[in-house]
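Trainee: Here is how the chains run, residue by residue.
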Amino acid sequence: MLEISDLHVAYGHAQVIHGLNLVLRPGEMVFIVGRNGAGKTTLLKTIAGLIQPAKGEIRFEGRAVAGEPPERLARAGFRFVAQDKKVFSNLSVRANIALAAHGSGTPIEEAWSKAIQLYPKLEEFRALPAGRLSGGQREILLIGRALVGAPRLLLIDEPTEGLAAIVIEDIFRILNGMRHTLSFIIVEQNLSVVTRLADRIYVMKEGQIIREIADRSEIADTAQLETYL
Amino acid sequence: MIQTIVYGFTIGAILYFFSIGLALTFGTMHIINFAHGMVYALGVYLFISFLKALGNSFLLSLAASVIVMLPVAYIVERFVIRRLYGESLDYAIIATYGVLLIGTDLIKLVWGTTPYPVNDPIGLAVPLAGLDLPFYRILIVISAVLLFLALRLFFKRSIIGQIVIAALEDSDGVRCLGLDVNRYFSIIFVLGSALAVLGGILYAPISTAEPYMGFHILLLAFAVVIVGGMGNINGTFAAAMVLGMVMAVTGRIWSQAATTMVFVVMALVLIFRPMESD
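For the protein sequence lines, the chains are Z and W, in the order given.
Residue numbering for the first sequence follows this note's numbering, starting at 2 and increasing by one per position.
Residue numbering for the second sequence follows this note's numbering, starting at 408 and increasing by one per position.
Treat the hints with caution; some may be incorrect.
[Said to hold, decoys possible] The list that follows gives simulated cross-link-like pairs (lysine-lysine, DSBU-like), each with its CA atoms no further than 30 Å apart:
id, chain 1, residue 1, chain 2, residue 2
1, Z, K87, Z, K115
2, Z, K115, Z, K46
3, Z, K87, W, K563
4, Z, K122, W, K563
5, Z, K56, Z, K206
6, Z, K115, W, K563
7, Z, K206, Z, K46
8, Z, K122, Z, K206
9, W, K515, W, K459
Note that these hints are calculated values from the structure, not bench results.
Work out the full structure, taking the sequences as your base and the hints as a guide.
Mentor: Okay, structure coming up:
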């Protein structure tokens, strides 16, 4: 579904990703783990079209998409959920969903009921400015927003970072419910989430994939994974 | 004093008409747009020509000038501003300042350098507390308040308004939803330019049209945008009214210091406003 080959990304003269290769198959949930500064967020942003790669190829269902603007990629089914849990804070929760509906050409009522199905509590907050939601509720709203329309590939950056255990379980449940219906690349440091959800894991270090873990027993080996964080 | 207050609100109203486009351009596109002054001045000069051509009909000439300036604003956005998205602010300042200079020289070439007076289109006075206050000035203030309310409604209720509000906060987030923010920025840019032209025309009867009028209002408008908060729609209105009043009150006491005091207030706001964290 997604093939990345020899990807190089730089911020000015500072090279962040060096010749990275990655494959995502349809319906797969792939996690990327690695230390801070490994280039994980840069990778997701590059796939989403927010950063122009310096070199290399990104193919989505056989079509070269590297360097395409995010709005065009979004229309092709790419969805990016950023790490900073940045909702449109001055707009209501429902207006956040309405914007996503407008972007994907989905009727607003259809988009809203899909969001409610995902997390029924959103109904209580529909008129509330999204900036007043808790961190966990914001993350759920962002995932809900990303699911509006016809998403094909979800790129999610650290969905559980800074959240309470109970909210992490909500997010786990949501992601688990979508397994095999969409394709995912998720950057995550919370190993309890990674080990329970991952179909495969890529380990990143200094802008490169240093290991691919596909074996179930290795995926479940938290102690070994911790050495990469 | 009542006269000073009315004059203060009038200046504030004109500053608001001009500044709202500037504030939105900076808030959404992160571009300091000196070309806004060109659009303002050129619109006023076109208005003067239309007045002559259309038998001194103020409203018809106003409408014609705004309509003619819409494609001009679009051309500036499409061929100058849009190329500056994501570039350093220096490039934007140089490029848009160039447009302002070209516009000013064009005005000098076509209309000359002699200032043009424009007559008060209403010519009525409202008696208040023993004074005859020009009704036209009161009308300008009412227009600004109506514009403020209309824009609030536009940004709260319309999908374009909501997209712009969202883009002010996180334009990448908006793009990742499949929305082409440039398209909406164009709409906002043209809307802001039309409002600047409208403000310039409304101001013409209580000032005079001269080729450098765009330069003069730009500096004051930057103070409004900074005091009001860049991209802050409500803040721009409040700042325009407060700084208009500062100008009027200072002008009554010490006329030479009226403009200077605006920048003193701006400096104080910059010093004492809490820093916004990213």
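Trainee: Does each hint fit the structure? Answer for all of them.
Mentor: Each hint, compared with the structure:
no.: 1; hint: Z:K87 with Z:K115; verdict: holds (21 Å)
no.: 2; hint: Z:K115 with Z:K46; verdict: holds (26 Å)
no.: 3; hint: Z:K87 with W:K563; verdict: holds (20 Å)
no.: 4; hint: Z:K122 with W:K563; verdict: holds (24 Å)
no.: 5; hint: Z:K56 with Z:K206; verdict: holds (19 Å)
no.: 6; hint: Z:K115 with W:K563; verdict: holds (24 Å)
no.: 7; hint: Z:K206 with Z:K46; verdict: holds (17 Å)
no.: 8; hint: Z:K122 with Z:K206; verdict: violated (39 Å)
no.: 9; hint: W:K515 with W:K459; verdict: holds (18 Å)
Hint check: a violation occurs at hint 8 only; the rest are consistent with the structure.
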